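J.: Here are the chains, one letter per residue:
Number of protein chains: 2
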Amino acid sequence: MSQVYDRVALIGLGLIASSIFWASKRNNVSGHIKGFARSEQTRNTARKIKLCDEVSDSLENTVTDADLIILCVPVGAMEQVMVEIAPYLKSGATITDVGSVKRAVIDAVEPHLPTGVKFVPAHPLAGTEHSGPKSGFASLFDNRWCLLTDHKSADEKAQNNVMSFWKGLGANVEFMDADHHDLVLAVTSHAPHLIAYTMVGVADDIGKVTDSEVIKYSAAGFRDFTRIAASDPTMWRDVFLSNKEATLEILGRFTEELFDLQRAIRTGNGDKLLNYFSHTRSVRRGIIEAGQDTEAPNFGRNIEPDGD
Amino acid sequence: MSQVYDRVALIGLGLIASSIFWASKRNNVSGHIKGFARSEQTRNTARKIKLCDEVSDSLENTVTDADLIILCVPVGAMEQVMVEIAPYLKSGATITDVGSVKRAVIDAVEPHLPTGVKFVPAHPLAGTEHSGPKSGFASLFDNRWCLLTDHKSADEKAQNNVMSFWKGLGANVEFMDADHHDLVLAVTSHAPHLIAYTMVGVADDIGKVTDSEVIKYSAAGFRDFTRIAASDPTMWRDVFLSNKEATLEILGRFTEELFDLQRAIRTGNGDKLLNYFSHTRSVRRGIIEAGQDTEAPNFGRNIEPDGD
Chain A
1040 MSQVYDRVAL IGLGLIASSI FWASKRNNVS GHIKGFARSE QTRNTARKIK
1090 LCDEVSDSLE NTVTDADLII LCVPVGAMEQ VMVEIAPYLK SGATITDVGS
1140 VKRAVIDAVE PHLPTGVKFV PAHPLAGTEH SGPKSGFASL FDNRWCLLTD
1190 HKSADEKAQN NVMSFWKGLG ANVEFMDADH HDLVLAVTSH APHLIAYTMV
1240 GVADDIGKVT DSEVIKYSAA GFRDFTRIAA SDPTMWRDVF LSNKEATLEI
1290 LGRFTEELFD LQRAIRTGNG DKLLNYFSHT RSVRRGIIEA GQDTEAPNFG
1340 RNIEPDGD
Chain B
1040 MSQVYDRVAL IGLGLIASSI FWASKRNNVS GHIKGFARSE QTRNTARKIK
1090 LCDEVSDSLE NTVTDADLII LCVPVGAMEQ VMVEIAPYLK SGATITDVGS
1140 VKRAVIDAVE PHLPTGVKFV PAHPLAGTEH SGPKSGFASL FDNRWCLLTD
1190 HKSADEKAQN NVMSFWKGLG ANVEFMDADH HDLVLAVTSH APHLIAYTMV
1240 GVADDIGKVT DSEVIKYSAA GFRDFTRIAA SDPTMWRDVF LSNKEATLEI
1290 LGRFTEELFD LQRAIRTGNG DKLLNYFSHT RSVRRGIIEA GQDTEAPNFG
1340 RNIEPDGD
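Quick mapping for you: the protein sequence lines, in order, are chains A and B.
In this text, residue positions in the first sequence follow my numbering: the first is 1040, and each later residue adds one.
In this text, residue positions in the second sequence follow my numbering: the first is 1040, and each later residue adds one.
Isolated chain A, as found in the complex:
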């Protein structure tokens, strides 16, 4: 494909930024990519593994020529970065981000947006439990969604270019209202993450009592929870603090429903449990049909075709 941007700046060099770099190089989506990270250690690692065409020690130098600037820092760090880069953005440049929350990022970026700079908020729905510059890989966004949000500063051309960029990285792109995005993500991602963190915390408390048996015998359910609960702590702290209302609303519904199922267990109401579990199984089917996961047992681990 033809390159969408000549010069791209990546601010922050973690899992998402490094995957953007490798995916962009794989598909030739953009020209020169310059990266910046606050931590010297991260910059050194990035240079060592040849992450970015150039790694800069200066925010000013990183953004000054860029056509597209991608904010790849935790949501809580977005405003400070914007304050620092605003004076050096060239007119006609486009700012985008990869934050898991959209309203809070808009509120953080908007006040500092220079005239002539477009802002296209974005959120790629992709990730792993790993973080840092070494954790990225080129196929992270393949067939995943990237949700874009309208912003008054952006015209159609700026939006179309960001859309082309993400499609070039392998993603499917759709537009969504910022507040609606935050509610949908509270359900599909934010509340599940807090729940997984909590369950792992509880298990660990008990695990100390039972002498590491909890870890030793961690079966499928808990093992998947620990994977979710191993996600980047700073990123998730910021997500919860910046999507507070929607997350608390969903958690309220969750505990209400959990208490109802607990009561079914306590009173021995097997029919209620069976109906509930049969229904959730059909939700899973919907997700597989929507192409958002594979049907392979156990995510394709340890599989032999004998039993099929």
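These are computed hints drawn from the structure, not numbers from a lab.
Incorrect hints may appear among the rest.
Since the list can't tell identical chains apart, any single copy or any two copies may satisfy a pair.
Under the rule of at most 35 Å between Cα atoms (straight-line distance), these lysine-lysine pairs were calculated in the DSBU-like manner [stated by the list, open to error]: (1) Lys-1196 - Lys-1255; (2) Lys-1283 - Lys-1311; (3) Lys-1283 - Lys-1089; (4) Lys-1191 - Lys-1255; (5) Lys-1255 - Lys-1064; (6) Lys-1173 - Lys-1129; (7) Lys-1283 - Lys-1087; (8) Lys-1087 - Lys-1191; (9) Lys-1255 - Lys-1206; (10) Lys-1173 - Lys-1311; (11) Lys-1064 - Lys-1129; (12) Lys-1311 - Lys-1255; (13) Lys-1089 - Lys-1196; (14) Lys-1311 - Lys-1129; (15) Lys-1311 - Lys-1064; (16) Lys-1206 - Lys-1191; (17) Lys-1206 - Lys-1064; (18) Lys-1191 - Lys-1283; (19) Lys-1129 - Lys-1191; (20) Lys-1311 - Lys-1206; (21) Lys-1173 - Lys-1255; (22) Lys-1311 - Lys-1196.
Given the structure is predicted, the values throughout are model-derived calculations rather than measurements.
Guided by the hints, dock chain B onto chain A, whose structure is given.
T.: Okay, now just chain B, sitting in the frame of chain A:
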């Protein structure tokens, strides 16, 4: 290896039984394996895919010559099966099971155990979200734990043979007290499953409102939950009803801790969240070091080595 048993009977032909069959054939762990399922459709499927050396329509015929009888039915169905097979068990035969709860299975089996028949309760910690005779595969138990429980009817020889059998299938074997097993599993498996079922149910309620967006945009956290919540409904109903006390105890601790984290979100206590999430991340590390999961991002899906 030399065969541990000449004749094995599999009662119930779902994921675990079919995986036992394929693993046993792969490693030549036993001689003739006869299978029985209550459902004619399951028996026909089993015959079609050559699951078992022989599929029988009769429980009596299935167990009458067997040296090892493996109860692979949901925990709630164990007692009825024992009542029906007890008159036909040969003296010196060994009964074992694969139930996720051990105290309830012992209580179900014990009263019907004929003199001269040994009982070695067992629980292989392995599975996928799929069920039925087609879902099994030979490597399901490789490097997974199988926990055995002492029972007064069993001598050392009977226990050693069941242990050799499971090691032959690829599993690591340890003994554990039945009540302790039920507590550890409530933490690592039963409570996480109920939580996943609940979260998927909540999301689906809201999903109807938001026109399937919840499924369409299901991100990593929720996607993993749906996989757990797609597990066999009957099996899990029986698990919760038969491990009621331990499950409710763990769920009580869980909601207590969840409320504490919700309060941290509501009051903006970022330090508390960051510390909590950093700690759970280290628990994950423990699990990887214990060899119970792979470090590969996203369970090895969509991986390219570029970023490493």
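J.: Are the hints correct? Go through all of them and say.
T.: To see whether the hints hold, each was checked on the structure:
no. : hint                : result
1   : Lys-1196 - Lys-1255 : between (54 Å within a copy, 27 Å between copies)
2   : Lys-1283 - Lys-1311 : both (32 Å within a copy, 15 Å between copies)
3   : Lys-1283 - Lys-1089 : neither (38 Å within a copy, 54 Å between copies)
4   : Lys-1191 - Lys-1255 : between (53 Å within a copy, 27 Å between copies)
5   : Lys-1255 - Lys-1064 : between (41 Å within a copy, 28 Å between copies)
6   : Lys-1173 - Lys-1129 : within (30 Å within a copy, 60 Å between copies)
7   : Lys-1283 - Lys-1087 : neither (38 Å within a copy, 54 Å between copies)
8   : Lys-1087 - Lys-1191 : neither (40 Å within a copy, 62 Å between copies)
9   : Lys-1255 - Lys-1206 : between (42 Å within a copy, 17 Å between copies)
10  : Lys-1173 - Lys-1311 : between (47 Å within a copy, 28 Å between copies)
11  : Lys-1064 - Lys-1129 : within (24 Å within a copy, 68 Å between copies)
12  : Lys-1311 - Lys-1255 : both (33 Å within a copy, 27 Å between copies)
13  : Lys-1089 - Lys-1196 : within (32 Å within a copy, 60 Å between copies)
14  : Lys-1311 - Lys-1129 : neither (61 Å within a copy, 40 Å between copies)
15  : Lys-1311 - Lys-1064 : neither (52 Å within a copy, 39 Å between copies)
16  : Lys-1206 - Lys-1191 : within (23 Å within a copy, 65 Å between copies)
17  : Lys-1206 - Lys-1064 : within (14 Å within a copy, 47 Å between copies)
18  : Lys-1191 - Lys-1283 : within (25 Å within a copy, 55 Å between copies)
19  : Lys-1129 - Lys-1191 : within (18 Å within a copy, 81 Å between copies)
20  : Lys-1311 - Lys-1206 : neither (44 Å within a copy, 38 Å between copies)
21  : Lys-1173 - Lys-1255 : both (28 Å within a copy, 29 Å between copies)
22  : Lys-1311 - Lys-1196 : neither (53 Å within a copy, 43 Å between copies)
Hints 3, 7, 8, 14, 15, 20, 22 from the list above are not met by this structure, while the remaining hints are.
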